[in-house]
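Engineer: Protein sequence lines, in the order shown, are assigned to chains P and L.
According to numbering that gives the first Met the number 0, the residues represented by the first sequence are 0 to 754, in order.
According to numbering that gives the first Met the number 0, the residues represented by the second sequence are 0 to 348, in order.
Do not take every clue at face value.
What the hints assert, rightly or not - For each label pair, taking beta carbons as the anchor points, the in silico distance ranges come out as:
(1) L:Asp247 x P:Arg546: 39 to 45 Å
(2) P:Asn383 x L:Ala262: 40 to 46 Å
(3) L:Pro317 x P:Lys602: 52 to 58 Å
Said to hold, decoys possible - Calculated cross-link-like contacts (lysine to aspartate or glutamate; reagent style DMTMM-like; alpha-carbon spacing at most 20 Å):
(4) P:Lys146 x P:Asp199
(5) P:Lys368 x L:Asp247
(6) P:Lys369 x L:Asp246
(7) P:Lys487 x P:Asp424
Keep in mind that the hints were calculated from the coordinates and are not lab data.
Glycine included, C-beta positions come from ideal geometry on N, C-alpha and C.
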Amino acid sequence: MTSRRSIACFRRFTSAAAVTAGVAAAAVCVRGERPARACSGGEVSIAEETTFDPGVLDQPGLDGVFYEPFVAGFGGYQPDTDDDRVLADWKGYLKDTGVGDADWKAALFTASAQDLEAIRQHLLGKSVAVPKGFETSSLWKAPAAAKARLDASLQIVQLARAIEPSAAFFGEEVQQPDRPLPTAKLLQAAQAGATKHADDPFLAQRYAFQAVRVLFYQHDFAGLIAYVDKQAGLLAAPSQSLAWRTRYYLAGALRQQKDLARATLELAHIHASYPPLAGAAASDFHIDNDLDWRHALDLAKTTRDKTEVWRLVGVKFDGIAAIREIVKLDPKSDLLGLLVVREVAKAESAAGMLWPGSPQDADTVAKIKKESADLEVLVTDLANKPGVDRKWLLDLVAGHLAARRGDLATARTRLQSALAGRPHDARVASQAKASLALALARSWAIDASHESELGRAMTSLDPKFDRAATAKDQVRTTLAPLYMKAGKLVDAEYLSPGIVDNYKVDFVAEAHPGKLVWAGTSFIKDMIARLDKTSTDFDHFVLDQQRFAKPKLQQELALRYLLDGDFATAQQTFATTAALSERLHTDPFVIHIRDCHDCDHDKYGNAPWTHASFAQKMGELAAKAQKGSGDDAAEAALQVGVGYYNMTWYGNARSILGDDTHQDMFDARVALKWFQRAFDTAKSRELKAKAAYFAAKAELGDLLDVAYDPNRQQEPAAPVPATWFGKLQGFKDTQYYKDVLKECGTFQLWTQSRH
Amino acid sequence: MARRATALHCGVVRFAFVNLVVAVGCSTAAQPATGPDATRAFYYWRTTFALTPVEERALADLHVSRLYVRVFDVGWTAGHVQPLGPIAVTAPPPPSLEVVPVVFVQNEVLRHAPAADLARDVWANVQNRSAALGTPAPRELQLDCDWTDTTRTAYFELLRELEKQSHVTLTATIRLHQIKYRERTGVPPVARGTLMFYNMGAFSPDPEARSIFDPAAAERYLARVGDYPLPLDVALPIWSWVVHVRDDSVIGLLQSTDPGELASLDFLEPTGDGRYRVTRSTFVHGTFVRAGDLLKVEVTGPDETLAAAAMLAVRLSPQPRTVTLFDLSERNLARHDVASLDRVFQTIH
Chain P
0 MTSRRSIACF
10 RRFTSAAAVT
20 AGVAAAAVCV
30 RGERPARACS
40 GGEVSIAEET
50 TFDPGVLDQP
60 GLDGVFYEPF
70 VAGFGGYQPD
80 TDDDRVLADW
90 KGYLKDTGVG
100 DADWKAALFT
110 ASAQDLEAIR
120 QHLLGKSVAV
130 PKGFETSSLW
140 KAPAAAKARL
150 DASLQIVQLA
160 RAIEPSAAFF
170 GEEVQQPDRP
180 LPTAKLLQAA
190 QAGATKHADD
200 PFLAQRYAFQ
210 AVRVLFYQHD
220 FAGLIAYVDK
230 QAGLLAAPSQ
240 SLAWRTRYYL
250 AGALRQQKDL
260 ARATLELAHI
270 HASYPPLAGA
280 AASDFHIDND
290 LDWRHALDLA
300 KTTRDKTEVW
310 RLVGVKFDGI
320 AAIREIVKLD
330 PKSDLLGLLV
340 VREVAKAESA
350 AGMLWPGSPQ
360 DADTVAKIKK
370 ESADLEVLVT
380 DLANKPGVDR
390 KWLLDLVAGH
400 LAARRGDLAT
410 ARTRLQSALA
420 GRPHDARVAS
430 QAKASLALAL
440 ARSWAIDASH
450 ESELGRAMTS
460 LDPKFDRAAT
470 AKDQVRTTLA
480 PLYMKAGKLV
490 DAEYLSPGIV
500 DNYKVDFVAE
510 AHPGKLVWAG
520 TSFIKDMIAR
530 LDKTSTDFDH
540 FVLDQQRFAK
550 PKLQQELALR
560 YLLDGDFATA
570 QQTFATTAAL
580 SERLHTDPFV
590 IHIRDCHDCD
600 HDKYGNAPWT
610 HASFAQKMGE
620 LAAKAQKGSG
630 DDAAEAALQV
640 GVGYYNMTWY
650 GNARSILGDD
660 THQDMFDARV
670 ALKWFQRAFD
680 TAKSRELKAK
690 AAYFAAKAEL
700 GDLLDVAYDP
710 NRQQEPAAPV
720 PATWFGKLQG
730 FKDTQYYKDV
740 LKECGTFQLW
750 TQSRH
Chain L
0 MARRATALHC
10 GVVRFAFVNL
20 VVAVGCSTAA
30 QPATGPDATR
40 AFYYWRTTFA
50 LTPVEERALA
60 DLHVSRLYVR
70 VFDVGWTAGH
80 VQPLGPIAVT
90 APPPPSLEVV
100 PVVFVQNEVL
110 RHAPAADLAR
120 DVWANVQNRS
130 AALGTPAPRE
140 LQLDCDWTDT
150 TRTAYFELLR
160 ELEKQSHVTL
170 TATIRLHQIK
180 YRERTGVPPV
190 ARGTLMFYNM
200 GAFSPDPEAR
210 SIFDPAAAER
220 YLARVGDYPL
230 PLDVALPIWS
240 WVVHVRDDSV
250 IGLLQSTDPG
260 ELASLDFLEP
270 TGDGRYRVTR
280 STFVHGTFVR
290 AGDLLKVEVT
300 GPDETLAAAA
310 MLAVRLSPQP
320 RTVTLFDLSE
330 RNLARHDVAS
340 LDRVFQTIH
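Produce the complete structure using the sequences and hints provided.
Structural biologist: Laid out in structure tokens, this is it:
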């Protein structure tokens, strides 16, 4: 793991360090201070859990500090986080040289130390050799007057490259003890460069910045602090990227020197003022004790200083406490917006368990509701204060929170106010629609007015809106139980697939669950018919799902007829509609004493059986069984039983019902009836023995179905199909009995236990 | 529709039956464990290794011969396997102490990394850290993981791979629920298990509730200790911590805070029930506490540790074992003097 991680990190670093702005995570790197929640299985993102889009803030670069419980440490430090800004700096500096952006980017990010030296030599006419990849570079077309500037630029890149091997995350130094410390010569070169280029602020700042890096990686933290303090003017401009990275190094050095108060203030400034490093600053923020905390607050002299420190606390530790403190200090602060949207996400994320179908604990529900209510009061009070920053944002948040608790009137008022305060903002408009839809769903009445308004909001929601899918999903799962309760089962099922049978077949340990809604052909027909009713926006919203396509529903209808024993209608449905009929990749009429699902699929994978041909054969066999007599009829009944048995989970053709029908594939009782019929009809003792054994299989399937409990703590005693094993015992004289006794261990054990 | 994985095949049914026989067929009657003295050990769980004089003295006085040292956690970060918090060694332990490296495996990594690759990386890092600790060739490696239904297979595969690649004796920590529900959680394929006889109660704002060692909760797990299919070593608690409560809910633990510190902090006021109320928002050992929060102290003193040892002693089968105290620190030694810890070691063999 060391090597993989290190290589990845190094690659990232080299892509940035050459730019001179490439800070390899300052000493303050403390990772994972925010505990990641991604440990419960499944890959969930915050966008799937919440319906408020923090992007409405419209502050590029702040994404890293949005609430995200699934990423530890705010994503940590990313060395190439502002490559674009660095390139833009260079573009301005080299604008008169004629060098193309891509060519300079290659020199900056990918050229090796040897390449850089070769480029310089060729540029200065001292060598004809050109490094690979630079043969057609625009570097060579630079006018003579620009060559000095280009060469000076390449020299600072060379210096940065020379420092790279020493640059490391502190945590990684433990794994890479051989990482060299930067030499005094490098420090001297950096400081001399800053002096030499004093009349060129662009280069002077870069050289000074390299000096900061060297001091940091030499672990000369006191020296670094002194240097930054002394060269503050030089390091502050013109590049803002370098200026803030310098302060990031400074914060690291201060922390190493145990000056946590000043380190906190630096990190707070960085966090508030330079979004590309906001996440890293939050990651690195650490206060140990009350003394440090009081020193930090004392050091924060101005209101702005104090609010910046509190915002850092709010992002990393306690948003609500921080909002309250900032409001006390400066209710108009522009630092509140981020904290507010973070707290909305936090509240919504916590409330994920409140959605229908999720486990609910009364205390937890009450606690989460109270926290959300407290937040709404806080935000509403703030929105009502005169002159607050981005009142529209506060209204939008307050409207959203009201929507979530089903207060349609308040939600409408706040959302309209938000839209009025922020017209022409597509993202805000989408958020308002999504929030309104949630408010409607949570205060629902089944009438044309509600359906019409919700339908409009949902169908006009911009699909690019970051929370569109989650908002729609939450509206659907809120409405589905209401339609279910009102007896509108078809709409309920379209809104939330599986709801009509309450997932009985899939997830609940309920054998013989009674008549499933999906076991009714009329329901399936209604499901098919509903697909053609598309006259309103609400219709479109209800049917806007991927689960139910007409051919698949028609296939399920045909299979339901088959399970009901209506072979003719099953065949007719396959023949006259678009019902899906696919290859089964097995032979559904094959059975063994010891079954092997996968072996049969391997052996009969190319068998021509399809859903339709299977239904047809079942019909023919059933007719033969019903019309005939004696062993021929018994053999046909046995085959029908085998077909039904193989359709269950226990047989070799469970693919007939597949994973996406809604029928109970664990119910082997239909097969048992046909085996019973074969047993009763057969004259031959061999055939009777076979029918008895197959019936035992079906009986055992049913016993397992009844005994199944997904929450069991211990493996229960295996059930034994005693009824049909008992009947089989009456055929000891048959070869089939002997074959079963030889092959089936369960039967052996059972017979031994009888003696 | 795919509900369960068990098909109705004779072979499967027979296998289930055999499992059942194994599961119920070998219980033993509870009796006090008697046998040779146990090997005495401590867990060392800090991220920088440097024994203080007080700790060195305690190890010597207690005749402790082994240290289980957490060398790193294995986590999954940004799409990569990553060793987290690798131990930095300021001064290696004295040669008289056997060092056993311990690796804590986060469940998430087991969902992603192939066992062979993971084992290779873990072992390489263990060797690296062990060398720094002065034990380039450890005789034993212990893995600590609270595996789940969904990570069990991957974890057990990792253990097999590690054994194959490292050729050292592999041991694993065993949590109480893994003893009780062994049929469901499985038994790890290792030479020995170390039963963690702590963390047995739920976190609760209730002043009376105990989460580190709760005798009543312990009793519920003990019945199945005697017939666990692995030879068991034992880990006992000697640590204390502070539970962070807000609005009558537990929101965290202040693991670095000794309960004894709280009385002297001017931003806390005692509530009279073993808890303290925060009077202004500030930080306590890196944790932000809000005005109005409650801090509940939970102390594991000599009596509790001795009680834990006594409860276990009568349930364990007599065999050579290691008894390890969690964890070595001056703070814990201040609450548990040498004499009381010696009694603990003598109680359980």
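Engineer: Hints the structure violates: just list their numbers, smallest first.
Structural biologist: Violated hint (a single one): 7; every other hint is consistent with the structure.
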